[in-house]
Amino acid sequence: DVVMTQSPLSLSVTPGEPASISCRSSQSLLYSNGYTYLDWYLQKPGQSPQLLISLGFYRASGVPDRFSGSGSGTDFTLKISRVEAEDVGIYYCMQVLHLPFTFGPGTKVEIK
Amino acid sequence: QVQLVESGGGVVQPGGSLRLSCAASGFIFNHYGILWVRQAPGKGLDWVAFMGYDGSHKYYTESVKGRFTISGDNPKNTVHLQMNSLRDEDTAVYYCARGPATGSAGYSMDVWGKGTTVLVSS
Numbered sequence: 001d002v003v004m005t006q007s008p009l010s011l012s013v014t015p016g017e018p019a020s021i022s023c024r025s026s027q028s029l030l031y032s033n034g035y036t037y038l039d040w041y042l043q044k045p046g047q048s049p050q051l052l053i054s055l056g057f058y059r060a061s062g063v064p065d066r067f068s069g070s071g072s073g074t075d076f077t078l079k080i081s082r083v084e085a086e087d088v089g090i091y092y093c094m095q096v097l098h099l100p101f102t103f104g105p106g107t108k109v110e111i112k
Numbered sequence: 001q002v003q004l005v006e007s008g009g010g011v012v013q014p015g016g017s018l019r020l021s022c023a024a025s026g027f028i029f030n031h032y033g034i035l036w037v038r039q040a041p042g043k044g045l046d047w048v049a050f051m052g053y054d055g056s057h058k059y060y061t062e063s064v065k066g067r068f069t070i071s072g073d074n075p076k077n078t079v080h081l082q083m084n085s086l087r088d089e090d091t092a093v094y095y096c097a098r099g100p101a102t103g104s105a106g107y108s109m110d111v112w113g114k115g116t117t118v119l120v121s122s
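Protein sequence lines, in the order shown, are assigned to chains A and B.
Under our numbering, the first residue of the first sequence is numbered 1, with each subsequent residue one higher.
Under our numbering, the first residue of the second sequence is numbered 1, with each subsequent residue one higher.
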């Protein structure tokens, strides 16, 4: 199985400051069609997960532009340009190229 | 509006069965794939199964192969997850999520239900 790792596993951020989460996969997530099969999800406290970023860097509908995804191959990053209080929760990366699809362990983001 | 509503969770003894349902509304059901993802208490997300928009492609995580079956009921805009031979480790909140539209790349889940809880316990 493709192993997904994330760092850090927890993050405490001052509102208005940037934040960055790293995700690494044990195999390349670049498909022959040119797309990178890596998604980012946020699970806010007490809620279902929500899609933030699809295929490496496409922001999902309604996601603020302070969220951005980057990376290629096996190394990916989710950046929040200016953290807001509503961004608290657990962020997961997920690979959907190799079966079984696998999630990272999650990064818990808190506000200072 | 676009939504998914899960049902069918409950308490079951080890070795028992449950059938989860995922009712879709607000979109053309058979134009999208559906995925099931579960979350054990206090744990992270765990992908369980996928069914393509036309039901022709079905994938499962290894631990549920031969025990779980995903199926679709197009007239009712519903996807089912039949779970047999349940184990303690299947205890989780089960979410269904809308996957890729016909012809789309990837398996991004852009609409999620609120989940249904399965507790396997004697």
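Keep in mind that a hint or two might mislead.
[Unchecked claim] So the derived list for chain A, only partly shown, Cβ under 7 Å to chain B, looks like this: (1) L51; (2) V96; (3) H98; (4) P100; (5) E110; (6) I111.
Quick caveat, the hints were computed from the structure, so don't treat them as lab data.
We treat Cβ as the ideally placed atom computed from N, Cα and C, and that holds for glycine.
> If you take the shortest Cβ to Cβ gap from A/V96 to chain B, is it below 7 Å?
Replying inline: holds (4 Å)
>> Checking hints one by one. Is A/I111 an interface residue toward chain B, by the C-beta closer than 7 Å rule?
In response: violated (21 Å)
> Holds or violated: is the Cβ of A/E110 closer than 7 Å to a Cβ in chain B?
Replying inline: violated (17 Å)
> Do the numbers back the hint for A/P100, that is, is its least Cβ distance to chain B under 7 Å?
Replying inline: holds (4 Å)
> Given A/H98 as an interface hint, is the shortest Cβ-Cβ distance to chain B below 7 Å?
Replying inline: Violated, about 11 Å.
>> A closest beta-carbon separation below 7 Å is what the hint needs, so does A/L51 meet it against chain B?
In response: holds (5 Å)
This entry does not satisfy hints 3, 5 and 6, going by the numbered hints stated previously.
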